[in-house]
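Line by line, the protein sequences give chains A, B, C and D. If you read the first sequence in the working numbering, its first letter stands for residue 25, the second for the next number, and so on. If you read the second sequence in the working numbering, its first letter stands for residue 897, the second for the next number, and so on. If you read the third sequence in the working numbering, its first letter stands for residue 33, the second for the next number, and so on. If you read the fourth sequence in the working numbering, its first letter stands for residue -12, the second for the next number, and so on.
Do not take every clue at face value.
Going by beta-carbon spacing under 8 Å, a handful of chain D positions derived as facing chain A [what the hints assert, rightly or not]:
#1 Lys125
#2 Leu126
#3 Gly127
#4 Asn131
Straight-line distance between alpha carbons at most 27 Å, and here's what the computed BS3-like set of lysine-lysine pairs gives [said to hold, decoys possible]:
#5 D:Lys52 <-> C:Lys77
#6 A:Lys487 <-> A:Lys172
#7 C:Lys223 <-> A:Lys232
#8 A:Lys292 <-> A:Lys94
#9 A:Lys350 <-> A:Lys89
#10 D:Lys43 <-> C:Lys36
#11 A:Lys62 <-> A:Lys94
#12 A:Lys274 <-> D:Lys43
#13 A:Lys274 <-> A:Lys292
#14 C:Lys223 <-> D:Lys43
#15 A:Lys169 <-> A:Lys487
#16 B:Lys930 <-> A:Lys487
#17 D:Lys86 <-> C:Lys223
#18 D:Lys125 <-> A:Lys234
#19 B:Lys930 <-> D:Lys43
#20 A:Lys77 <-> A:Lys487
#21 A:Lys487 <-> D:Lys168
#22 C:Lys36 <-> D:Lys(-8)
#23 D:Lys86 <-> B:Lys930
#24 D:Lys43 <-> A:Lys225
#25 C:Lys223 <-> A:Lys234
By construction, these hints were calculated from the structure, which means they are not laboratory data. Every residue gets a Cβ at the ideal spot worked out from N, C-alpha and C, and that includes glycine.
Next come the chains, spelled out residue by residue.
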Amino acid sequence: MKKLVGLLVVALLVLGSAVVFAEVANPEWWQKAAEPYKGVVIKGISESTPPSKAMVEVAAPEFEKLTGIKVQFEVTSWDEMYNKSIQDLQTGAGIYDFIYVEQDIIYAYLAQNWLTNLTPFIQNSAITEPNFDVDDFTSFINYFKDEKGNIYAIPFEAFLKSYIYRKDLFEDPEIQAAFKAKYGYDLAVPTTWEQYTDIAKFFTEYGKEKGIELYGHIAQAKTHPCVAYEMCESIWPAWGIYNWGINLEKMRASVENGGTLNSDQAKKALRWYVDMLQYAPPGVRTYTWDETAAVFGAGKVAQGLIYLENLGWLAQDETRSAVIGKIGVALPPTAPGVMDDAKAGKGYIGYYDGGALGIPHSSKNKEAAWLFIQWCARKEWQPEFARLATRVVRKSTFEDPLIKELDAKMGGYFTLLKDYGYLFAGAPALPMHRPLNELYLKWISKAVAGEVSPEEALDNLAKEVDELMQELGY
Amino acid sequence: MRILPFRSNLWDRIFIGVVIMFAVHLLWVRFVEKFLPLTVATVGTLFFLVLLVITG
Amino acid sequence: MQRKTLRLVLVYLVCILIAAFTLFPIYWMFVVSARTKLEVFSGPKLIQTSFYAFNYYRPFFRDIYGRYLVNSLIIASGNTLLVVSLAVLATYAFSRFRVPGSSNLFFWTITNRMAPPAVFIVPFFLIFTRLGLRDTRIGMILLYCIFNLPFAIWLLKGMIDSIPRELDEAAYIDGCSLFGVLWNVILPLAKPGIMTTAILTWIFAWNEYLFAAILTSVNARTITTGLAEFVTVIGTNWGEMAAVSVVCLIPAVVFIGIAQRHIIAGLTFGAVKD
Amino acid sequence: MRERKAQVWGLLAPTLFLMFAIGVVPVIYILYLSAFKYNVFSRVGMVYTGFNNFRKLVFDTDFLKSLRLGLTFVVLCCGIELPLGLLIANLLTLEFRGKGLFRTIMTLPLAMAPITIGSMWVLLMNPDIGPIPFYLRKLGIEYNIGVNPTQAFFTTVLVDIWHWTPFVVLTFMAGLSALPKQPYEAALVDGANRWQVFRYITVPLLKPVILTTLFIRIMDTFRVFDEVWMLTSGGPGTATRYVSIHLVRLVLQSMEYGYSSAMSLFLLYLTIVMCWLLMTFISSSQEAT
């Protein structure tokens, strides 16, 4: 009984701490601007990422209290989020007033005219807070503009998929000596794929020898869209295959038609990817982006490429993470020449992921939704938001003391994001993103499962991509 | 001169006719279309359908 | 005598084996639902001594799962009411009167129950959106008729066929109206069958996933679809997923427990022949 | 009499209307869509293409493979569940203490949502947190449904058996309880043993129930979706990508509405033909007895 009461107290405390008011610079302005929309209910949908959770649990209730606009904000799994929002957009049903626009899907939405142009809203001072300041956003906002520079969505999350490793293991003198003895060079953050492979092998064998659950590699290899994303976003770019292997001018993927998807380098990368799965935990073929982070958090992996939005809980949440204070982040290893390409702006080494809030063309409460989007993007809340969810979309946020303090805990991630963010890129402008992903998923997962060889998979994939492009009129 | 080996009403006949028609079309497309156009199958099965409905 | 004891031992052994096979996954679900995230990942201990109630607390009191639960209850119950009343009427007509082409009609309704639900998702999405039925409870109640109504008619047919015709003929002669006969004669006699039908209908509606996942978003979302939402970027929350699974299981189990006997009585499918 | 006739249609009307609205209208709609090239992301919009979607369908190796896989699944599941169910149902005709409790336990899986069952087995089979792979690994068996296609396939079969054998048991018990007593008494007089009674009296008498149950199980395993979706999502590779899963992926991921309508129509056609053949078979065998 005592235990139960204690538990209830803890639960109430947790609940209480979530509704403490964050700072609002000028509440009067918000109340005045929201006056005409009092009582309106706006609905939104997002993927249940840490930033979305923070918006639902912190931003939305405060917004409701201050303005009287009711927010029904649904956070759901990635697949569900897409299914629901695309179907809503496509049928013009007007169910949602704001939606999560992931960076890679924006081109599909723009091509169909599914989003509301926000530039007129920004220029309208009646519904845009005076210090909203579009120029303060990091370059990530450029992915949400059309050719004319109109903004269609306001970013609220942005993060890198980059290299993460266990600092404590890498700095252990015993391990360092063992590594040096075996491979003849010092154990350090790898800069080439060969080094990465060596380290992966080393830690997997080390785990076996010591009889502990430790592996040297992690991947999201489940038969799920994530496996296709991993290849296209992280592995291929770092091997020098950009834009999903598709030639964006000709919109074709096979080598014969000017693409690079079934080039030797792409095949080599896929073969490497498949081979490397043996150094990952045995469950790797059931992992999506969720499990990769969870497994790292459980301390089972020494290094890998994961979505770094997870750093927030990895570095802070004791109930879920066993690696607090042991995390290091760095740029991913690259094939020769890729880093130079990226520095010259011709290529990129990994994925600058993130999402934004946009307003569907069919929304009936666009102004109220716009107020909420601004609310989430308001300057004074950004550091707190970053603490809750490891994301930065405004330049000014980097300067905040809170962020500087967090940066140390997270192995210097925010510095990495600020200084090297330009080496990463979002997804290429492919409006037929979804059907393409399905094709990539099909063939890559066949290769991962060993049904076909990687070479065969990519030849078939390139052929099918070309066919699809033709069918869709590109 | 009944085609079907059991007693049937009008709905049964139309149903069976359409089922056969669809199957023939699919098989035709898969195996025969290289040699004969699909119209042949359409005309043939339509003729069969009418015959089936009339005779039972 | 000895053979008999031996047989009894054997029977018990088999029963215990089957029961263990049936119960172990459910037991494991409970166990996981009582664990913290770290416990879940720290190796599968079979025995659980502590109970981490936060797994239950968070989804149902802080998230929207409480509302999903209510939606599920309303949709399942509403659908059961609609299906059972329609099915009793229709089955009586099929059973007592010569409806022209009735066997064809019957066959056609059955095929709706048997078709893969995936077949209907494209048209339903577009049609429901046009009619404004998307994401409404009433839309889901109507939609679930597509597989529940044929099944109900099928189940009830055997029951009503087995009620002697003479009984309702006599009631007609006494001056009863059609509905009078239905209410006073058929309903009491077919009660076990109707009970079974209602329970199974309810369970099917409660358990449905695919349509609910596609056709609802906020207002009419059901608890089963909530399960899929746990698979998130920040890691599948196994503990909470198990907790919601457990809650999702409870009403169905209660129903089955109460009505187990009726179900066996009603599951005769006696009159598939038509 | 005419009054009666009107009443009959009055009784049927609501059902027929509802079933028309939710059963026929969608079919007409997919019939219409199946004649178009219709992808949401297409630059050219909806294009009339006639019979071409079906042309693509019959040569679509992925689809045909998923169909073959789905049918293998049907055969395996039904082939195991029915004999098993029959045995257990027979066991339960014996009188022993605790039968009621055992029967209640048996009925549990039936009441559970397929999606719950899927998630439950995920908890059990997940290579990281599940006890089954963990203890099998201690025995030296590498069990991983995310890697090994054969294991994944048989795991889905196992889950289906876990879920649906109770249903088979229930219908058989209902059937057994409705059997006449005289043949058994006669057999007892003739001195037949248990097996003979089972083989020559129970099975033939139970035949209609067996066939009906078989019919329901075939159709239900053919439409399996939720459990497999939660458990493997069709993977690894395409090892458990049954037709429903293939279709849902096509609709939801690629938004290929025209082609998926053609596929839907084909599946519906297959369902109807299978139903019709089985139903005809059942009624003709019932007439024979």
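Structure-based check of all given hints:
no.: 1; hint: Lys125; verdict: violated, 13 Å
no.: 2; hint: Leu126; verdict: violated, 15 Å
no.: 3; hint: Gly127; verdict: violated, 14 Å
no.: 4; hint: Asn131; verdict: holds, 6 Å
no.: 5; hint: D:Lys52 <-> C:Lys77; verdict: violated, 40 Å
no.: 6; hint: A:Lys487 <-> A:Lys172; verdict: violated, 34 Å
no.: 7; hint: C:Lys223 <-> A:Lys232; verdict: violated, 64 Å
no.: 8; hint: A:Lys292 <-> A:Lys94; verdict: violated, 53 Å
no.: 9; hint: A:Lys350 <-> A:Lys89; verdict: violated, 40 Å
no.: 10; hint: D:Lys43 <-> C:Lys36; verdict: violated, 64 Å
no.: 11; hint: A:Lys62 <-> A:Lys94; verdict: holds, 8 Å
no.: 12; hint: A:Lys274 <-> D:Lys43; verdict: holds, 25 Å
no.: 13; hint: A:Lys274 <-> A:Lys292; verdict: holds, 24 Å
no.: 14; hint: C:Lys223 <-> D:Lys43; verdict: violated, 51 Å
no.: 15; hint: A:Lys169 <-> A:Lys487; verdict: violated, 31 Å
no.: 16; hint: B:Lys930 <-> A:Lys487; verdict: holds, 24 Å
no.: 17; hint: D:Lys86 <-> C:Lys223; verdict: holds, 25 Å
no.: 18; hint: D:Lys125 <-> A:Lys234; verdict: holds, 17 Å
no.: 19; hint: B:Lys930 <-> D:Lys43; verdict: holds, 14 Å
no.: 20; hint: A:Lys77 <-> A:Lys487; verdict: violated, 41 Å
no.: 21; hint: A:Lys487 <-> D:Lys168; verdict: violated, 68 Å
no.: 22; hint: C:Lys36 <-> D:Lys(-8); verdict: violated, 60 Å
no.: 23; hint: D:Lys86 <-> B:Lys930; verdict: violated, 64 Å
no.: 24; hint: D:Lys43 <-> A:Lys225; verdict: violated, 45 Å
no.: 25; hint: C:Lys223 <-> A:Lys234; verdict: violated, 67 Å
Going through the hint list in order, the structure does not satisfy hints 1, 2, 3, 5, 6, 7, 8, 9, 10, 14, 15, 20, 21, 22, 23, 24 and 25.
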